[in-house]
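Asker: Chain B: place on chain A using the hints.
2 protein chains.
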Amino acid sequence: MATLIRQCRPRGEGICDVLVSDGRITGKGADLAADGGVAVIDGSGCVLLPGLVDAHTHLDKTLIGTPWHPHSAGERLIDLITNERRVLTELDLDPALQSRRMVHHMLERGTTAIRSHVDIGTDIGLRHFHGVAATREACTDLVAIQIVAFPQTGMMIMPGVADLMEQAVKEGAEVVGGLDPVGIDRDPKGQLDAIFAIAGKHGCEIDIHLHDLGEMGAITIDMIAKRTAALGLEGKVTISHAFCLGDIDDARLDGLITLLRDNDIAIATCGAGHYPIPPIRKLRAAGIRMFAGSDGVRDAWGPLNNGDMLERAYQLAWHGDTRDDPGIETMLDLATHGGAQAMGLADYGLDVGCRADLVLVEAETPAEAVCYHPPRRMVMAGGRVVAENGKSLLPAP
Amino acid sequence: MATLIRQCRPRGEGICDVLVSDGRITGKGADLAADGGVAVIDGSGCVLLPGLVDAHTHLDKTLIGTPWHPHSAGERLIDLITNERRVLTELDLDPALQSRRMVHHMLERGTTAIRSHVDIGTDIGLRHFHGVAATREACTDLVAIQIVAFPQTGMMIMPGVADLMEQAVKEGAEVVGGLDPVGIDRDPKGQLDAIFAIAGKHGCEIDIHLHDLGEMGAITIDMIAKRTAALGLEGKVTISHAFCLGDIDDARLDGLITLLRDNDIAIATCGAGHYPIPPIRKLRAAGIRMFAGSDGVRDAWGPLNNGDMLERAYQLAWHGDTRDDPGIETMLDLATHGGAQAMGLADYGLDVGCRADLVLVEAETPAEAVCYHPPRRMVMAGGRVVAENGKSLLPAP
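These protein sequence lines map, in sequence, to chains A and B. So in my numbering, spot 327 of the first sequence is number 327, and the numbers just go up one at a time. So in my numbering, spot 104 of the second sequence is number 104, and the numbers just go up one at a time.
Rather than coming from a laboratory, the hints here were simulated on the basis of the structure. As the structure is a computational prediction, the values presented were derived from the model and not from experiment. Some clues are possibly wrong.
According to the in silico footprint, chain B covers these stretches of chain A (three or more CB under 8 Å from chain B) [what the hints assert, rightly or not]:
hint : segment
1    : 96 to 108
2    : 226 to 232
3    : 303 to 312
From chain A, some residues computed to sit far from chain B (all C-beta separations above 12 Å) [stated by the list, open to error]:
hint : residue
4    : 7
5    : 24
6    : 38
7    : 73
8    : 219
9    : 259
10   : 298
11   : 317
12   : 323
13   : 350
14   : 397
The beta-carbon is built from N, C-alpha and C at its ideal position, and this holds for glycine as well.
This is chain A alone, in the form it adopts within the complex (with noise of 0.2 Å):
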């Protein structure tokens, strides 16, 4: 089944056709021939986009599909933690139903790739990655999931789910996840070596959140830097948030970004207006590899976040008052090629051969874009159409 998209814009750059033939892009130029059979599609001028990637979410806790829940916790980082657990026991969610649906949202918007931080704990076990990992391989020709193996209530605080975490990566998991080893487990060294050997035995990619902010976040980066180096997994490390870098002073900060840079750190930021983040524009000159995420949407951390990356792209631009179109332009990076990048998609993109996910905006640059993120005028997964007019057409879940 081949696809001629007719008359869009690849990144706001000249008309022109493309041709997409079993899930790739198979051709661009202009006035492509349409065979036979071959379907079209109106490009309109549209600015056409790689799928959009999420690559920091926790697809495992919304509560999208279920009634609207007015947001009831407290504002601290541990009253956020303990009203989750309470709200998922209450509402007994299947994480399975709850991530495929999350999927269906984000794809119509745009989204094709997702990495999602996944719930491990020793009261729920690996019932959320199990969840997830259905929805993983249910979903596979529409959109790549990658599973971080997470421990939201804490580690070293909560004995045995460090195994669990292990025993998420012998199952699938390809990532190992950690939260403040200062703030949450007051046990850095504990924490971060235990993730690492969990990574250094299994092969797997690191993507630690980092809340804590100052000097207590600084040193855990100082922390997780040394074991990168000690184990030789530059470029495969990834600091999520990492507040702390938009809330220390510039010698540090500097210094951070020399370790960051030799180490190969990426740098994961979901945008948060009532934050300190990192210094998008500083660290990307710096050579620092970002990415960009929605975090938990419609979920017991609040509602603010609505699965749009695009608009996310938009507020990282909005947070730093970037006005300048590659300024805008480097923050749809984050949300494109920069999380592509950090999930190993190696045919992603809108070259020929690329696989063929896909996302028409109408609009005149990536930029205008970005500022408006209108609904998606056509949005294709791996060749295949799955939302019009931002409205999904694949079956809910």
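Answerer: Structure of chain B alone, referenced to chain A:
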């Protein structure tokens, strides 16, 4: 001509029908009769909101309708002001056409009332004012527009500007503006005396841009409050942006809040992810009137403001990490009733008798409407359906 909106949920509450006749809400209830000739709109359980109110914008300077303009200015306020004059001179746009285009853009997103600051300067004279006044006249059936005579390039540093502003008020500007009396004019006494003299003489309201941070902003508020009391202008003065309220210590803030309340001075905010903004919930809890606006949309100040007030309410929630429903609804209130009150729209709201400025949003609750801000299902302005499914039904200006 009458229209019946079936099965909608005013402000997210119980399902009912809403009858509109002769531009006003004339009935609300279950299963209202649709007599012959009554047009019926299927509300489908959508949330019904009153028309959104954008009570701080700059209709005269938008570049909308022209090719995408990559942002080109430096970062300082004065760079932005100077750059804008250069861009506007080069493009030579018609303020009447541009403001008309922006009104249509805003209507499409559900905005039915607008307070627009309009540039007055010795270089441009009253050209922008006359343009927006023409739009105000042409669109009077669709949208309420209030004009603020605004000295964008300075007031005391540009002799003649105060006289032009007074002339604009004589010709129908409802509000006299101002701009950073310390930071731009470096003559707070001069600028504020001139503004209050115009207001005292002509009985107009006052709305002063105040970007100055910290104590520079705080002393300006002191001075505005003193003059408000002296002239008995309580309830007629607004301070726009007032970043300093997000940038001073609690004791000074509490003193300013008392001043604002005692003199019934309103605060307008546009969010601005990268600046300290007034602490909305604290000010509202103290009884301060507040309202919201888009600020300049797609203009030479940058492309980040997109003219969607439902999304702007979301950005206000995002900025302050406001996750609970009452808090999110407060942000929506700033974009609806707060602005309507400031603009003196007596017949605003969802009660029988109110002007039929109505917005249908596919959502379960007002908080969900804010968090997802989907394309508006239907926008009605003065009883006329002007947009459906996010697309304007009006002829392009």
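Asker: Decide, holds or violated, for the assertion that all CB atoms of chain B are farther than 12 Å from the CB of residue 259 of chain A.
Answerer: holds, 27 Å
Asker: Is the Cβ of residue 73 of chain A farther than 12 Å from every Cβ of chain B?
Answerer: violated, 8 Å
Asker: Minimum C-beta separation from residue 219 of chain A to chain B exceeding 12 Å: can you confirm that?
Answerer: holds, 26 Å
Asker: Would the least Cβ to Cβ distance between residue 317 of chain A and chain B come out above 12 Å?
Answerer: violated, 6 Å
Asker: Counting residues of the segment 226 to 232 of chain A whose CB is closer than 8 Å to a CB in chain B, do you get three or more?
Answerer: violated (count 0)
Asker: Do three or more residues from the segment 96 to 108 of chain A put their C-beta atoms closer than 8 Å to C-beta atoms of chain B?
Answerer: It is violated: at least three residues are needed, and the segment 96 to 108 of chain A offers just 0 whose Cβ sits closer than 8 Å to chain B.
Asker: Taking the closest pair, is the beta carbon of residue 24 of chain A still more than 12 Å from chain B?
Answerer: holds, 31 Å
Asker: Is the nearest CB of chain B more than 12 Å from the CB of residue 397 of chain A?
Answerer: For residue 397 of chain A, whose nearest Cβ neighbour in chain B is about 19 Å away, the distance exceeds 12 Å, so it holds.
Asker: With d taken as the least Cβ-Cβ distance between residue 7 of chain A and chain B, does d exceed 12 Å?
Answerer: holds, 18 Å
Asker: Should the label of residue 323 of chain A as a non-interface residue stand, given a Cβ cut-off of 12 Å to chain B?
Answerer: violated, 3 Å
Asker: Using a Cβ cutoff of 8 Å, are there at least 3 residues of the segment 303 to 312 of chain A near chain B, or does the coverage claim fail?
Answerer: holds (count 3)
Asker: Report holds if the minimum CB distance from residue 38 of chain A to chain B is greater than 12 Å, and violated otherwise.
Answerer: Given that every Cβ of chain B is farther than 12 Å from that of residue 38 of chain A, nearest at about 29 Å, it holds.
In summary, the structure is inconsistent with hints 1, 2, 7, 10, 11 and 12 from the numbered list given earlier, while agreeing with the others.
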